[in-house]
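Asker: Each chain, letter by letter, is given below.
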Amino acid sequence: MKDVRETSPSPTPFSESAGSAKVKATPRLAGSGVWSALARVDPRYLIAFLITLVLIAAQLRYHMVGGYDRLAIALLACLATEALLSLFVRGKVTNLLSAYISGLSLTLLTKPQGAVLWPFVAGGFLAIASKYVLQYRNNHLWNPTNFAITVLLLAAPNRISVLSHQWGNDLVTNLVIWCFGLVIAARVRVLHITLAYVASFLVFNTLRSLVLGQAVLPELAPLTGPMYQLFVFFMITDPRTVVKDRRWQIGVAVIIAFVETAIRFASDQAWTLPTAFNAAPALVALFLVGPVAKFVDLRRRN
Amino acid sequence: MSPAFKRGLIALPFLLTIGMVRRSNDASGRSFADASRPAFQLRDETAAAGIRFVHRTATLDPRLSNVEPHIAALGAGVSVADYDGDGWPDLYFTNSRFGAANALYRNRGDGTFEDVASSAGVADLNQPGAGVSMGSVWGDFDNDGREDLLVYRYGYLALLKNLDGRRFKDVTEAAGLHRWINSNGAIWLDYDRDGLLDLYVTAYFREEVDLWHVKSTRIMHNSFEYATNGGKNLLFHNLGGGRFEDVTDRTGVGSTRWTLAAASADFNGDGWPDIYLANDYGPEELFLNDHGRRFVLTTAGLESESKSGMAVALGDVYNRGRLDVFVTNISARGYLFQNNNLRLNELAERNRFNNVADATVADAGWAWGAQFADLNNDGTDELFVANGFISGKRDKSYWYSMSKIAGAHHSLFEDARSWPTFGDASLSGYERSRVFLNRGAAGWWDVAANVGVRDELDGRAVAVADLSNRGAQDVIVANQGQPALLYRDYPDSSNHWIAFTLVATRSNRSAIGAEVVVEYNGKLQRRVVDGGMGFASQNDRRPHFGLGTAERVERVVIHWPSGGTQVIRDPPVDRFNTIVEPRR
Numbered sequence: 072m073k074d075v076r077e078t079s080p081s082p083t084p085f086s087e088s089a090g091s092a093k094v095k096a097t098p099r100l101a102g103s104g105v106w107s108a109l110a111r112v113d114p115r116y117l118i119a120f121l122i123t124l125v126l127i128a129a130q131l132r133y134h135m136v137g138g139y140d141r142l143a144i145a146l147l148a149c150l151a152t153e154a155l156l157s158l159f160v161r162g163k164v165t166n167l168l169s170a171y172i173s174g175l176s177l178t179l180l181t182k183p184q185g186a187v188l189w190p191f192v193a194g195g196f197l198a199i200a201s202k203y204v205l206q207y208r209n210n211h212l213w214n215p216t217n218f219a220i221t222v223l224l225l226a227a228p229n230r231i232s233v234l235s236h237q238w239g240n241d242l243v244t245n246l247v248i249w250c251f252g253l254v255i256a257a258r259v260r261v262l263h264i265t266l267a268y269v270a271s272f273l274v275f276n277t278l279r280s281l282v283l284g285q286a287v288l289p290e291l292a293p294l295t296g297p298m299y300q301l302f303v304f305f306m307i308t309d310p311r312t313v314v315k316d317r318r319w320q321i322g323v324a325v326i327i328a329f330v331e332t333a334i335r336f337a338s339d340q341a342w343t344l345p346t347a348f349n350a351a352p353a354l355v356a357l358f359l360v361g362p363v364a365k366f367v368d369l370r371r372r373n
Numbered sequence: 019m020s021p022a023f024k025r026g027l028i029a030l031p032f033l034l035t036i037g038m039v040r041r042s043n044d045a046s047g048r049s050f051a052d053a054s055r056p057a058f059q060l061r062d063e064t065a066a067a068g069i070r071f072v073h074r075t076a077t078l079d080p081r082l083s084n085v086e087p088h089i090a091a092l093g094a095g096v097s098v099a100d101y102d103g104d105g106w107p108d109l110y111f112t113n114s115r116f117g118a119a120n121a122l123y124r125n126r127g128d129g130t131f132e133d134v135a136s137s138a139g140v141a142d143l144n145q146p147g148a149g150v151s152m153g154s155v156w157g158d159f160d161n162d163g164r165e166d167l168l169v170y171r172y173g174y175l176a177l178l179k180n181l182d183g184r185r186f187k188d189v190t191e192a193a194g195l196h197r198w199i200n201s202n203g204a205i206w207l208d209y210d211r212d213g214l215l216d217l218y219v220t221a222y223f224r225e226e227v228d229l230w231h232v233k234s235t236r237i238m239h240n241s242f243e244y245a246t247n248g249g250k251n252l253l254f255h256n257l258g259g260g261r262f263e264d265v266t267d268r269t270g271v272g273s274t275r276w277t278l279a280a281a282s283a284d285f286n287g288d289g290w291p292d293i294y295l296a297n298d299y300g301p302e303e304l305f306l307n308d309h310g311r312r313f314v315l316t317t318a319g320l321e322s323e324s325k326s327g328m329a330v331a332l333g334d335v336y337n338r339g340r341l342d343v344f345v346t347n348i349s350a351r352g353y354l355f356q357n358n359n360l361r362l363n364e365l366a367e368r369n370r371f372n373n374v375a376d377a378t379v380a381d382a383g384w385a386w387g388a389q390f391a392d393l394n395n396d397g398t399d400e401l402f403v404a405n406g407f408i409s410g411k412r413d414k415s416y417w418y419s420m421s422k423i424a425g426a427h428h429s430l431f432e433d434a435r436s437w438p439t440f441g442d443a444s445l446s447g448y449e450r451s452r453v454f455l456n457r458g459a460a461g462w463w464d465v466a467a468n469v470g471v472r473d474e475l476d477g478r479a480v481a482v483a484d485l486s487n488r489g490a491q492d493v494i495v496a497n498q499g500q501p502a503l504l505y506r507d508y509p510d511s512s513n514h515w516i517a518f519t520l521v522a523t524r525s526n527r528s529a530i531g532a533e534v535v536v537e538y539n540g541k542l543q544r545r546v547v548d549g550g551m552g553f554a555s556q557n558d559r560r561p562h563f564g565l566g567t568a569e570r571v572e573r574v575v576i577h578w579p580s581g582g583t584q585v586i587r588d589p590p591v592d593r594f595n596t597i598v599e600p601r602r
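Chains Z and B are the protein sequences, given in the same order. Residues 72 to 373 in my numbering are what the first sequence lists, from first letter to last. Residues 19 to 602 in my numbering are what the second sequence lists, from first letter to last.
FYI, nobody ran anything at the bench for these hints, they're computed from the structure. Every residue, glycine too, gets a C-beta built ideally from N, C-alpha and C. Some hints here could point you the wrong way.
From the derived model, a few chain B residues whose C-beta atoms are all more than 10 Å from chain Z [claimed, not checked]:
hint : residue
1    : Lys-24
2    : Thr-35
3    : Arg-115
4    : Ser-136
5    : Glu-243
6    : Val-265
7    : Gly-287
8    : Ala-380
9    : Ser-421
10   : Ala-568
11   : Asn-595
If you anchor each label on the Cβ, the simulated ranges turn out as follows [said to hold, decoys possible]:
hint : chain 1 : residue 1 : chain 2 : residue 2 : range
12   : B       : Asp-182   : Z       : Ala-286   : 36 to 42 Å
13   : Z       : Leu-131   : B       : Asn-595   : 49 to 55 Å
14   : Z       : Gln-340   : B       : Pro-21    : 43 to 49 Å
15   : B       : Ser-322   : Z       : Gln-285   : 34 to 40 Å
16   : B       : Arg-236   : Z       : Lys-163   : 56 to 62 Å
17   : Z       : Ala-257   : B       : Arg-236   : 47 to 53 Å
18   : B       : Thr-274   : Z       : Arg-371   : 56 to 62 Å
19   : B       : Leu-27    : Z       : Leu-188   : 22 to 28 Å
20   : B       : Asp-104   : Z       : Leu-188   : 49 to 55 Å
21   : B       : Leu-27    : Z       : Trp-249   : 39 to 45 Å
22   : B       : Met-19    : Z       : Gln-340   : 39 to 45 Å
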């Protein structure tokens, strides 16, 4: 999920669009009514609004939250952690919108064993705290939600799974998320990342299935799942954790898709891997590639 | 403080949290390790009892070969009845391959069994053109005092009339039940209280699907969560004279939600038997009986959790005098936590069920059959859960493949040909059975290993019966493609018990649907005479109650299916009590 915190000064080109309220509509967009109206809205609020809509729609249509206590606890954990840590580090409570988004993301993506609630507490804390602990040159390296969920999955697969709800496997839900995602990605000018990843996924996994002699469509099917839609539209495009240069952004997206394909290849071969690799290869690929790319990018630019 | 120092301070709880998360992974699943004993043992005495039944899995149309292990992974059923009227419960196992015989194990009364299926005429039920057996359920549909047998199949139903306690006759055609229905479950109930057993049959694949001659491979579910394109469940009204009438549409119980199991009881206490369904790829359903005229689908809090219901077990979990519901589901660590449901019946107060499954009882693996039974006779029900779907190669899991298509658009996975080839993979295989000890407010404890249950077979049907009439709840497990198991129960001998043989007169002769409430020491326990529950199973029809140290039962209330209520005071304990329904 997008982390749009307003903490350290962002060197990314999206700092104005995603990182602060000082947003200006681009000339190309200013002419269109709805678009220009959207362009005047701080993207953080737009993102928060849309992810809230996704959650509400998913709950009303598919009862997918699994209990409002989960939502409340995830939100509370994220908001409280952000408030306390920002107060501790900067002497003031920062805008909590990104924590709100992380809380909703955790609720959407985390599915625990039984009725246990601690994964939402631990996940919320880890997501937000990772931004303060795992930094390089004042920039955090991992997308907070990606970090939290992947660590939970790696550390406690006996207790955690990811988005076991499929949201009905129907076209309407897919279209809704695609529409929301496209709007946001375009608005935040990261659509090229999404498209680069999707194209790479299609190419690499088609090749993989051909090499292995497997039917192609099942290998491409994950893209239509809601977890992937959240991943490609919200997580992989997090303005705070992507690299700076547009070409590099595309390159990193391709690398993430490649690493994911490699993980899938290993799974196809029944290699012994942690469950997280088999259950959520996309999340693991981003977890592995994203911080390295960000780290190299920050070093390169300094 | 410098920023680096602050970061270091934050890193401490950060790392600590990761460590705690990691530790929780290994701590999952409480086991019984405190000083007190479970107060019972379950001993595998299958061989000593002479039960040698091995289930054989179906082989299907070659066009389904890529997913055959998945589609053909059901059919190991077991049901209990005293078919020959000698006072000893007998066992009927279903088989699922063409030419493989079903088994009727007659209880010799000395702890051993003999398979008499062939001579009784109930062995040869798996034939091309007829289908293969998926399970069975016993009930005296013609009130002649002998238990008849209904076998449901992926194929035609088979109703076998008990002629003389030794031989059976196929009366399906005459009964009007010659219907092709790909069924995994059926229950007997007298929904209109006319004294004749009616039949509710659940359907899985659509009725036009012949799994040996598929016209199209688009036979699968249209959603992993809200599928509605399964076969249509059917309710047959018993007209008397050996005839049945399809009243599904008239009564409104024709769910098409890929039902895997059903159970019936009077959940809302209005005196009419209701129907509870566990549906694969969808939410559970409760059909409340409107005075025997029709059923009303009610939400009761069930619609908020869409899972993969496999079995419905009924029990009075916390001795409140109500029948609660346990529904098994899938948990596959790292991939999917659907979690089993333990739903307390709160229809009277809140018009809904309340799911109180904690992490222990919620995650039993890929759970199938389950039954409540007071295994230690302490006065509270334990829970036996059979687990494991497909045990192929240990190092090859289909879960990864499953995760690829589970999130796909339904048009892909509706076509069986689109599914990745299953081959020799496992899918939640080699999972051990669970035995949950009921500790009341302290939760449930998995004591399987402590009490002697260590099998890792692919369990399907579980039935409970007092096979030796000694006040113990023996557990019979039918395993898919594998040998059946008989676990003899050895409860703490210091605990008391009471059991009842109900002889109905105005109600259906089998007394199916009768609910018995015992009252002692200020406690209540309720049980229903089983017309089929769990998954592909049916328990001993004689309600059994553990009493703990209580040596006296003050009162027993029997709610007969006819609508009458009978009260018995001070019945003797530690024995079976035969209760005859008053004629007026």
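Asker: For every hint, state whether the structure bears it out.
Answerer: Consistency of the hints with the structure:
no. : hint                              : in the structure
1   : Lys-24                            : violated, 5 Å
2   : Thr-35                            : violated, 5 Å
3   : Arg-115                           : holds, 28 Å
4   : Ser-136                           : holds, 43 Å
5   : Glu-243                           : violated, 6 Å
6   : Val-265                           : holds, 32 Å
7   : Gly-287                           : holds, 27 Å
8   : Ala-380                           : violated, 4 Å
9   : Ser-421                           : violated, 6 Å
10  : Ala-568                           : holds, 33 Å
11  : Asn-595                           : holds, 39 Å
12  : B/Asp-182 x Z/Ala-286: 36 to 42 Å : violated, 56 Å
13  : Z/Leu-131 x B/Asn-595: 49 to 55 Å : holds, 52 Å
14  : Z/Gln-340 x B/Pro-21: 43 to 49 Å  : holds, 45 Å
15  : B/Ser-322 x Z/Gln-285: 34 to 40 Å : holds, 37 Å
16  : B/Arg-236 x Z/Lys-163: 56 to 62 Å : holds, 60 Å
17  : Z/Ala-257 x B/Arg-236: 47 to 53 Å : violated, 37 Å
18  : B/Thr-274 x Z/Arg-371: 56 to 62 Å : holds, 59 Å
19  : B/Leu-27 x Z/Leu-188: 22 to 28 Å  : holds, 26 Å
20  : B/Asp-104 x Z/Leu-188: 49 to 55 Å : holds, 54 Å
21  : B/Leu-27 x Z/Trp-249: 39 to 45 Å  : holds, 43 Å
22  : B/Met-19 x Z/Gln-340: 39 to 45 Å  : violated, 50 Å
The structure does not agree with the numbered hints 1, 2, 5, 8, 9, 12, 17 and 22 stated previously, though it agrees with the rest.
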